[in-house]
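*Asks:* Dock chains B and C against the given chain A, drawing on the hints supplied.
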Amino acid sequence: MIHVLNPGLQTTVQDQGRIGYYEIGMPPSGAMDKYSYTIANLLVGNDENAAALEITYMGPTLEFRENTVIAVTGGEIPPKINGKPIPMWETVSVASGDQLSFDFVKQGARVYLAVAGGVDVPAIMESRSTYTLCGIGGFEGRALQQGDELRVGPVARESVRVGTRVPDALIPQFAKSHEIRVVIGLCSYRLTAESKQSFLSQEWTVTPEANRVGYRFKGERLGFVPREQPFGAGSNPSNVVDLGYPIGSIQVPDGVEPIALLNDAVTGGGYATIATVISADLNRMAQIKSNEKVRFVSVTLEEALQARSEVKDRIAHIKQAIAENGR
Amino acid sequence: MIRYEYGGDEFVFVELAEEMSLEANFRGMAITRKLRERQLPGILDICPSNASYMIRVDPDQLHPDALIAELKNLEESVSLDDFEISARLVDVPVLFEDPWTHEALMRFRERHQDPNSTDLEYAARINGFKSKGELIEAITGFPYLVSMVGFVPGLPWCYQMVPREQQIEVPKYVRPRTFTPERAFGFGGAFAVIYPVQGAGGYQLFGIAAAPIYDREQRLPDFKDAITFPKQGDIFRYRGITMDEYESIRKQVEDGTFRYLTKEITFTPDEVTENPQRFSENVLGRLYE
Amino acid sequence: MSENKSIISPVPGIFYRKPSPDKEVFVNEGDSVKAGDVIGLIEVMKNFYEIKAEADGIVERFCVENEDIVDAGQEVAVMK
Chain A
672 MIHVLNPGLQ
682 TTVQDQGRIG
692 YYEIGMPPSG
702 AMDKYSYTIA
712 NLLVGNDENA
722 AALEITYMGP
732 TLEFRENTVI
742 AVTGGEIPPK
752 INGKPIPMWE
762 TVSVASGDQL
772 SFDFVKQGAR
782 VYLAVAGGVD
792 VPAIMESRST
802 YTLCGIGGFE
812 GRALQQGDEL
822 RVGPVARESV
832 RVGTRVPDAL
842 IPQFAKSHEI
852 RVVIGLCSYR
862 LTAESKQSFL
872 SQEWTVTPEA
882 NRVGYRFKGE
892 RLGFVPREQP
902 FGAGSNPSNV
912 VDLGYPIGSI
922 QVPDGVEPIA
932 LLNDAVTGGG
942 YATIATVISA
952 DLNRMAQIKS
962 NEKVRFVSVT
972 LEEALQARSE
982 VKDRIAHIKQ
992 AIAENGR
Chain B
4 MIRYEYGGDE
14 FVFVELAEEM
24 SLEANFRGMA
34 ITRKLRERQL
44 PGILDICPSN
54 ASYMIRVDPD
64 QLHPDALIAE
74 LKNLEESVSL
84 DDFEISARLV
94 DVPVLFEDPW
104 THEALMRFRE
114 RHQDPNSTDL
124 EYAARINGFK
134 SKGELIEAIT
144 GFPYLVSMVG
154 FVPGLPWCYQ
164 MVPREQQIEV
174 PKYVRPRTFT
184 PERAFGFGGA
194 FAVIYPVQGA
204 GGYQLFGIAA
214 APIYDREQRL
224 PDFKDAITFP
234 KQGDIFRYRG
244 ITMDEYESIR
254 KQVEDGTFRY
264 LTKEITFTPD
274 EVTENPQRFS
284 ENVLGRLYE
Chain C
554 MSENKSIISP
564 VPGIFYRKPS
574 PDKEVFVNEG
584 DSVKAGDVIG
594 LIEVMKNFYE
604 IKAEADGIVE
614 RFCVENEDIV
624 DAGQEVAVMK
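Protein chains in written order, with the numbering used here: chain A, 672 to 998; chain B, 4 to 292; chain C, 554 to 633.
In isolation and in its complexed conformation, chain A is listed as follows:
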């Protein structure tokens, strides 16, 4: 059992996501930075889809009511046990009565706390991820609150040796300005040539409206090719006949403030989408804070797939290192 003394800003239970229900309008939810989330689970010997806590900006204070093993990964929100710093990206043992708390965020935006056995909440539509907008999944469909008691699942697999650590080279570092790779497409034909260029050349500032639903960016206005709007599309030049929005897709309502849609986003609507963040960089998007700077870099599908396989390789490498040295 884990007792929530202070919930932090927004701490939710997440796993790999609720996949296969996009058609009914259900976004996948799930961990925003899947790389960090997956490694946290590997470090405590969990299944790669075990439920963990996603902690945003400001960490919670938690009291463990059993002896167990944990790992904290992601951005840098330095964790402490009973006030003493503990390492991130490492298998750490905790004793019943220990209190886990966090310092101010140093870099990145989100950390993942995995506990051996996983957070035990009911699976809703095959996932334990929290979708707060509709109150589905996770712990009672919401972010944690003071006084919540989280159950921990049974430890089924071989345990990982305490002190097992991810090699430094595989620990991501997060600066305050970011290059995020996108595949241009979808309805990008709606943007003027100058605006397409401007989208890629300007430095965007992340607004305070940046959460699991999406990130909104401030910058120069973008323009759409003038046309007589097609039937059913709506009157604004940024409108199209309502269509599906890919996860990571970027839209620019009225040409003002692009929005990148993320794990808890709406699944469709009537704004022209112009590009999609590649899956490898969705992990890095999750670590961007409000007020930080972003440049979008156009890549081809093959480059996106290459980046995706590099992430997979890094995870496989860590998995193997844990199997060889961590048992």
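Covered stretches of chain C, going by a simulated chain A footprint (3 or more residues, C-beta under 8 Å):
| hint | region |
| --- | --- |
| 1 | 564–575 |
| 2 | 589–600 |
| 3 | 621–630 |
Simulated pairs of lysine-lysine, DSSO-like, Cα-Cα distance not exceeding 30 Å:
| hint | chain 1 | residue 1 | chain 2 | residue 2 |
| --- | --- | --- | --- | --- |
| 4 | C | Lys576 | A | Lys889 |
| 5 | C | Lys558 | A | Lys847 |
| 6 | C | Lys599 | A | Lys777 |
| 7 | C | Lys599 | A | Lys889 |
| 8 | A | Lys847 | A | Lys889 |
| 9 | A | Lys755 | C | Lys558 |
| 10 | A | Lys847 | C | Lys599 |
| 11 | C | Lys605 | C | Lys576 |
| 12 | C | Lys633 | C | Lys605 |
| 13 | A | Lys867 | A | Lys964 |
| 14 | C | Lys587 | C | Lys571 |
| 15 | C | Lys558 | A | Lys751 |
| 16 | C | Lys605 | A | Lys751 |
| 17 | C | Lys587 | C | Lys599 |
| 18 | A | Lys889 | C | Lys571 |
| 19 | C | Lys605 | A | Lys755 |
| 20 | B | Lys234 | B | Lys254 |
| 21 | C | Lys599 | A | Lys964 |
| 22 | A | Lys777 | C | Lys571 |
| 23 | A | Lys777 | C | Lys587 |
| 24 | A | Lys964 | C | Lys571 |
| 25 | C | Lys587 | A | Lys751 |
| 26 | A | Lys777 | C | Lys605 |
| 27 | A | Lys847 | C | Lys571 |
| 28 | A | Lys755 | C | Lys633 |
| 29 | A | Lys847 | A | Lys964 |
| 30 | C | Lys633 | A | Lys751 |
| 31 | C | Lys558 | C | Lys633 |
| 32 | C | Lys633 | A | Lys777 |
| 33 | C | Lys587 | A | Lys755 |
To be clear about the criterion: a stretch of chain B counts as covered by chain A if any three or more of its residues have a C-beta under 8 Å from a C-beta of chain A, and this derived list gives those stretches:
| hint | region |
| --- | --- |
| 34 | 156–168 |
| 35 | 183–195 |
The hints are simulated quantities; they were obtained by calculation from the structure and are not laboratory data. All figures in this text were calculated on a predicted structure; none of them were measured in a lab. From the three backbone atoms N, C-alpha and C, an ideal C-beta is built for every residue, glycine too.
*Replies:* For chains B and C alone, coordinates are given in the frame of chain A:
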């Protein structure tokens, strides 16, 4: 011209047409149904939309280019001539000009094109109706095809099955509201919707549906298999009701006994497009027979 | 006790000195506050996070203006 586009490395988006039409919607339905039947490994989601569709793919199992090649084949092989749709006809009771959406729309008047009218008055005027009553008659007089489901779980985009010149079209709010009541009946572009849950929204608000289309607890019999009710291809008839009927339906919902009046129907796209008027009469006759 | 102590925003967002636009500020410079008193709000992810005084004391000065954007870890006020 059909456009095949990558949505990053995990999505393929296919735009069948830039403008909305029953033909484009039926075509998307036919292609995505065929694709579903193929059961290709690596396909995670198939999302038919209004005049487009979208596939989520695991590119480690199925390369997006291989999927696009497959979709192009399907596009060539699919014909609407032999395409039959089996769907539900559903009677959807709506209380127009209800106090709850009225309160909401009055609260956000400064975000509307016309702060001095209600949404219904504004929509009636710009669509050339003499009164609100005439607009309500036009909305309730002909059935709608559920042409897409999404935005949030269960929200149906409904496209009226009438000729183009008879379609109602309204703009969305100038700036979206931050609040819309649960079950609000709204209209935006050429689409009628019901908001499944309370939340932000930009569609014109005309009324409120008496019964839910989303039931997280799955209490009502219509939600035994899923938390959402609408399915693409359903035919909804929005029926205007009185406050008395509204309250009686609310009570049935609270008691857990409410069921939508539904009938099964099988039709072909041609039946609809060749004579929408006749199709509509058949549909309503069948629903209330 | 004359030692100055910073009040830090733990989260990035927009800093507000008032509970709502038409209300008075939570505290003025020079006001005495008790530990736990709210001195401002940070709007982030459509939430409002309360910035509180950690100890009894006097708010010597604010380091950011109302509606300024602040970073996580940025000093918003100095206590005496």
